[in-house]
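Asker: Work out the full structure, taking the sequences as your base and the hints as a guide.
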Amino acid sequence: MSPHPTKTNTTPTFALTTPPGTDIWRKPPTRDDFNAPVHPSPLPTHTLTSFQRARLTFSLPAANTLQQYDQAGLILHLTHPTQKDKWIKTGIEFYNGKPYLSTVGTDRWSDWTVVPLEMGEGGDGKPRATIEARREKDQLGRSLWVYLVDGEERRPLREMNWVFADEEGWKVGVGGYVARPGKEGGELEARFEGLEVEVLEGGEGL
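In our numbering, the protein residues as written are 652 to 857.
Hints in this document: simulated from the structure, not taken from any laboratory.
Be a bit skeptical, because a hint or two may be false.
[To be verified] In silico DSS-like cross-links for lysine-lysine, where the CA-CA straight-line distance does not exceed 27 Å: (1) 678 <-> 737; (2) 658 <-> 822; (3) 749 <-> 777; (4) 822 <-> 788; (5) 658 <-> 777; (6) 735 <-> 678; (7) 658 <-> 737; (8) 749 <-> 678; (9) 737 <-> 834; (10) 658 <-> 749; (11) 834 <-> 749; (12) 788 <-> 658; (13) 834 <-> 658; (14) 737 <-> 777; (15) 777 <-> 735; (16) 788 <-> 735; (17) 822 <-> 735.
[As the list claims (entries may be wrong)] So the derived label-pair ranges between C-beta atoms look like this: (18) 680 <-> 840: 31 to 39 Å; (19) 836 <-> 663: 26 to 34 Å; (20) 666 <-> 793: 16 to 24 Å; (21) 684 <-> 764: 28 to 36 Å; (22) 671 <-> 748: 16 to 24 Å; (23) 792 <-> 731: 14 to 22 Å; (24) 695 <-> 715: 19 to 27 Å; (25) 663 <-> 816: 33 to 41 Å; (26) 731 <-> 762: 15 to 23 Å; (27) 820 <-> 792: 34 to 42 Å.
Idealized CB from N, CA, C, for every residue including glycine.
Answerer: Written out as structure tokens, the structure is:
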């Protein structure tokens, strides 16, 4: 992380509800959806050079009520005045009858990884997680790492190397999202708490 002074912005607990037919997904040859509800709306933006990390705790309804591709989590929406937008979404997605930890990175097109989610001991059947996306630097360069946060432990889910490759002019909007890509069923509600966004008070990132 950066040695420069930082500040952390927090968002109070909130819920998001979506009808069917919403998604954040870009797939060739022509699919390009970004119609899922987000909060805060519009997303607060920061210069990409100042972004350090974002962390969010959230839950979906009981797994036995979910449909294929129901999802919620953390969204980082990258925008530039002269280039096509990019984004990262990471959270929980219901896939083939199970909730998974899901991360999608979108540069020109979207790609997707899923990791099995271990359900907690709460007994209510609601998939929940705390996810963190962090700027990091090693001997090879800069990247964005996505982690599952479990107590004091960060479990690595994915590294994305393109995010900070060219930061000039880019801004990033950060918040929570919920989506129900399927066309059937009623509304889907997800609950969120503990959204934290850490940025530099001034200057460049790593």
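Asker: Checking each numbered hint in turn, tell me which of them this model violates, lowest number first.
Answerer: 5, 10, 13, 14, 15, 20, 21, 24, 27
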